[in-house]
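Given the coordinates of chain A, assemble chain B onto it according to the supplied hints.
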Amino acid sequence: MSAIEYAAADGMALVEAVRGGRARAREICERTLARIAARDAAINAFTRVRTEQALADADRVDATIAAGRDPGPLAGMPFAVKNLFDVAGLTTLAGSKINASRPPAARDAFTVAAIRRAGGVLVGALNMDEYAYGFTTENSHYGPTRNPHDPTRVAGGSSGGSGAAVSAGLVPLALGSDTNGSIRVPAALCGVFGLKPTYGRLSRTGSALFAASLDHVGPLGRSVRDVAATYDVMQGPDPSDPVSAGRPVEACLPRLGEGIGGLRIAVLDSHFAKGGEPEAFAAVAQVAAALGVSRRTTIPEAARARAAAMVITSAEGATLHLADLRARAEDFDPLTRDRFLAGALVPATWYLQAQRFRSWYRAQVTAVFREVDVLLAPTTPCPAPRIGQERMMLDGVEVLTRPNLGVFTQPLSFGGLPILSVRVTTSAALALGVPIIAAPFREDHVLRVGALLEAKGAAAAAIAA
Amino acid sequence: MTDSSRSDLEAHVDAAAKLLALPIAPAHRPGVVLYMGVIAAAAALVMEFPLADEVEAAPVFAPAPVEP
Numbered sequence: 000m001s002a003i004e005y006a007a008a009d010g011m012a013l014v015e016a017v018r019g020g021r022a023r024a025r026e027i028c029e030r031t032l033a034r035i036a037a038r039d040a041a042i043n044a045f046t047r048v049r050t051e052q053a054l055a056d057a058d059r060v061d062a063t064i065a066a067g068r069d070p071g072p073l074a075g076m077p078f079a080v081k082n083l084f085d086v087a088g089l090t091t092l093a094g095s096k097i098n099a100s101r102p103p104a105a106r107d108a109f110t111v112a113a114i115r116r117a118g119g120v121l122v123g124a125l126n127m128d129e130y131a132y133g134f135t136t137e138n139s140h141y142g143p144t145r146n147p148h149d150p151t152r153v154a155g156g157s158s159g160g161s162g163a164a165v166s167a168g169l170v171p172l173a174l175g176s177d178t179n180g181s182i183r184v185p186a187a188l189c190g191v192f193g194l195k196p197t198y199g200r201l202s203r204t205g206s207a208l209f210a211a212s213l214d215h216v217g218p219l220g221r222s223v224r225d226v227a228a229t230y231d232v233m234q235g236p237d238p239s240d241p242v243s244a245g246r247p248v249e250a251c252l253p254r255l256g257e258g259i260g261g262l263r264i265a266v267l268d269s270h271f272a273k274g275g276e277p278e279a280f281a282a283v284a285q286v287a288a289a290l291g292v293s294r295r296t297t298i299p300e301a302a303r304a305r306a307a308a309m310v311i312t313s314a315e316g317a318t319l320h321l322a323d324l325r326a327r328a329e330d331f332d333p334l335t336r337d338r339f340l341a342g343a344l345v346p347a348t349w350y351l352q353a354q355r356f357r358s359w360y361r362a363q364v365t366a367v368f369r370e371v372d373v374l375l376a377p378t379t380p381c382p383a384p385r386i387g388q389e390r391m392m393l394d395g396v397e398v399l400t401r402p403n404l405g406v407f408t409q410p411l412s413f414g415g416l417p418i419l420s421v422r423v424t425t426s427a428a429l430a431l432g433v434p435i436i437a438a439p440f441r442e443d444h445v446l447r448v449g450a451l452l453e454a455k456g457a458a459a460a461a462i463a464a
Numbered sequence: 000m001t002d003s004s005r006s007d008l009e010a011h012v013d014a015a016a017k018l019l020a021l022p023i024a025p026a027h028r029p030g031v032v033l034y035m036g037v038i039a040a041a042a043a044l045v046m047e048f049p050l051a052d053e054v055e056a057a058p059v060f061a062p063a064p065v066e067p
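First to last, the protein sequences are chains A and B. The first sequence maps to residues 0 to 464 in numbering that gives the first Met the number 0. The second sequence maps to residues 0 to 67 in numbering that gives the first Met the number 0.
Just so you know, nobody snuck in bad clues.
Pairs of lysine to aspartate or glutamate, DMTMM-like flavour, derived with a Cα cap of 25 angstroms:
{"#": "1", "chain 1": "B", "residue 1": "17", "chain 2": "A", "residue 2": "329"}
{"#": "2", "chain 1": "A", "residue 1": "455", "chain 2": "A", "residue 2": "15"}
{"#": "3", "chain 1": "A", "residue 1": "273", "chain 2": "A", "residue 2": "370"}
{"#": "4", "chain 1": "A", "residue 1": "96", "chain 2": "A", "residue 2": "323"}
{"#": "5", "chain 1": "A", "residue 1": "96", "chain 2": "A", "residue 2": "315"}
{"#": "6", "chain 1": "A", "residue 1": "96", "chain 2": "A", "residue 2": "330"}
{"#": "7", "chain 1": "B", "residue 1": "17", "chain 2": "A", "residue 2": "330"}
{"#": "8", "chain 1": "A", "residue 1": "455", "chain 2": "A", "residue 2": "257"}
{"#": "9", "chain 1": "B", "residue 1": "17", "chain 2": "A", "residue 2": "315"}
{"#": "10", "chain 1": "A", "residue 1": "273", "chain 2": "B", "residue 2": "47"}
{"#": "11", "chain 1": "A", "residue 1": "455", "chain 2": "A", "residue 2": "372"}
{"#": "12", "chain 1": "A", "residue 1": "273", "chain 2": "A", "residue 2": "394"}
{"#": "13", "chain 1": "A", "residue 1": "273", "chain 2": "A", "residue 2": "300"}
{"#": "14", "chain 1": "B", "residue 1": "17", "chain 2": "B", "residue 2": "7"}
{"#": "15", "chain 1": "B", "residue 1": "17", "chain 2": "A", "residue 2": "323"}
Just so you know, these hints were derived from the structure itself, not from any lab. Nothing here was measured: the structure is a model prediction, and the numbers come from that model.
Bound-form chain A, shown alone (with noise of 0.2 angstroms):
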C-alpha cells in the first residue's frame, strides 16, 4: 500500500494520497482512531470518538474511488470539531453539563457538513470552556484539555481540545470557533495554524451561538494549506444565519503560491506592543524580519474597543442562558458562572454604546487599511500558563491570567477582521504565535502571508512527539 510518512503527513499530504490512490481513507481513519486511543488520555482533547461512524465515512470515501468517482477536495482527511458544533447522532455538549440532556442533533452544522461533503471525515467532538466563555479550556465538567508540549500548561481556549488535538498529531484539522480570541489563543499556545476568517464569511449554523455579535467559526490545522483546503469548502451563503455575508466561494488555496509581492505589512504599535512578556514581542519581530517588514502603524483606541468587547460579549452570553441561570445556576462550571451572572444585570447603556463605539471603530480599522495590507502583532501576551494558575506576571505587572490571555485578539475580532494564527519556529519548548491580520474578506492575504512563512521556514506547526 503505502509509503506515507504519517508522523510528517499534514492532511492535504493524506489526502493526496488517498486521491492518487497509494493509501485508502479506511486505512488512515484507524491510524488515526488508534492514534487517539493511544494518546488522548493524557491530554483530554476529545470528549466522544465516533470510532465506528468514521469508518463507515472512511468507507464510503473509498467506495466512491472504487466506483470512479470523484471523492471530494478533503477525501479521507481525519477531522473533529468542537463540541459545540451540531454533529447529526450526537448531543451538542458546548462544554456544558445542562446541554448534556438535550437530543441529539438532527443533522450537522452547515460548516461540518461542508467538510464532509468534501470527502473529510470526522472522527470526533472535542472540549473547550463551558459555552466558550474562557482562554484556557479548564472545563470543571469534563476536565482540563492539557497542553500536549507540557502536560502540566493549558492549551488555551476556548477551542483547547481542537488546537491540542491538532499539535497532538492526533487529527490534522479540527473546528473551533472564536469570539474574542478562542481559536487564536489555543491555536498560538498549542503550536498550529489558526483562522479566524472575517466576521459573517462562514455560516455559523448549526454551531451553538455565545455572543452573537462577536461569534465566528473556522479552521486549526497543522499547515497553512490544510487550514486554507478547509475554508475554502467552508465559504458559501447561508440564508439561515442572519450574519452571513452572503458572498460566493473566493477561494484562497489556489493563491497560496503567489507570495506576498505588492503586500503592504505593518507591525502594531501602541496597545499591541506593550502589556506583553518579551518573548511575545520577539516571534513578532522574528516574523517581521522573515517578511523584511520594518513599518510600524497604529489601531486607534485598541484598549477601548477589547473593553466594549468585554461589555457584549458579557452582557449577550448572559441573555442566552438566561433561563439556565435562573432554574439551575448550580449546574455551570463554577469558572463561567458568576460572570453569566454579573452578565444579566449589564445595564442597556453600557451594551449599546458598545456597539456604537463598535461603529467608530470599524471607520478607524478602515482608513487604517487604506495604507497597509497585512497587520503583525503577538497573538498571546505570553506561553502557555499552567493548569491552575490563577495569576501570572505580565511585563512586571501582576494579573489575572484567564481574561489577560485574550488581551491582543480581542480588539481585532471586535473589528471582524481575517486573522491566521502562525507559530513560529523557535527552538522554545512552549509554543507562540503571531497573528497575520488583513483587511475584511482578505483571507487571501492571510493565508497568502502565512504560506511563504511556512515556505521559509519561519512558521511551522510544532507536533507533540
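Coordinates of chain B only, in the frame set by chain A:
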C-alpha cells in the same frame, strides 16, 4: 456606575437581580460582584468616549421580505 465602589456594585447586583427575577445564591454573590466590577471598569472606558449623534450601533436589523 462608572466610578463604582464596592457598595455601589453590591447595590446594583442586588437590585438588578431582583428586577430580573434572577436568584443569586449567597455563595455566588461575591464572585458576581467581583465580575460586575470588572465589567463596570470596561464599561467606564466605553462610556467616557464621546461619540457623535449619528454613530449608530453596529448590528443591522434586516426586515425579511415576504414572498407571495
